[in-house]
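*Asks:* Numbering (the UniProt record's numbering), first residue to last: 1 to 113.
Think of the hints as simulated: they come from the structure by calculation, not from any bench.
Values in this document were obtained by computation on a predicted structure and should not be read as measured data.
It is possible that some hints are incorrect.
[Stated by the list, open to error] 25 Å max Cα-Cα, derived PhoX-like pairs, lysine-lysine: (1) 39 x 101; (2) 101 x 80; (3) 111 x 80; (4) 55 x 80; (5) 111 x 101; (6) 39 x 111.
[To be verified] Derived CB-CB ranges, DEER-like: (7) 81 x 29: 32 to 38 Å; (8) 63 x 33: 21 to 27 Å; (9) 2 x 91: 44 to 50 Å; (10) 43 x 97: 49 to 55 Å.
All C-beta atoms in this analysis are idealised placements derived from N, C-alpha and C, irrespective of residue type, glycine included.
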Amino acid sequence: MFTPDESLTEMEAAIRFQRLVQIGSAADYAAEFEWLRSKISRETYHASLFFVGLKDEIQNRISQCGEMPSTLEGMIRRAKQTEDQLHEERRLGGLCFNCGKPGHIARNCRKKW
């Protein structure tokens, strides 16, 4: 039986909505689907679509740095800033820009983005 989680932020609800799949009954799935849909604006939904498509490493960093942007523009800005920070950390640490590991540079990396 579906029980609404009122503690979810609008962005958390939007991301959960993106990843929602039926586990129990169709009625429970429909109830959660409708509840989540009612919690989010179109702008936040678009921002969550963008977020879910980002690389895991960038998603993790954005999730860890406090409140997530609820607009597409804000999410794009945060993703770019996060990617720039990762790039700078790798540059300063002598790490590969592709995989983030030491011992080689991007052009010699076996893992391509």
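*Asks:* Each hint should be assessed against the structure and marked as holding or not.
*Replies:* A quick look at each hint next to the structure:
1. 39 x 101: Violated, because 40 Å separates the two Cα atoms, which is more than 25 Å.
2. 101 x 80: This hinted pair holds, its Cα atoms lying about 21 Å apart.
3. 111 x 80: Roughly 21 Å separates the two Cα atoms, so the pair holds.
4. 55 x 80: holds, 12 Å
5. 111 x 101: Between residue 111 and residue 101 the Cα gap is close to 10 Å, so the pair holds against 25 Å.
6. 39 x 111: With Cα atoms ~39 Å apart, residue 39 and residue 111 exceed 25 Å; violated.
7. 81 x 29: 32 to 38 Å: holds, 36 Å
8. 63 x 33: 21 to 27 Å: Since the Cβ atoms of residue 63 and residue 33 sit about 23 Å apart, the hinted range of 21 to 27 Å holds.
9. 2 x 91: 44 to 50 Å: Taking Cβ atoms as reference, residue 2 and residue 91 lie about 47 Å apart, which means the hint holds.
10. 43 x 97: 49 to 55 Å: The hinted range 49 to 55 Å is violated for residue 43 and residue 97, with Cβ atoms some 32 Å apart.
Hint compliance for this structure: hints 1, 6 and 10 are broken, all remaining hints hold.
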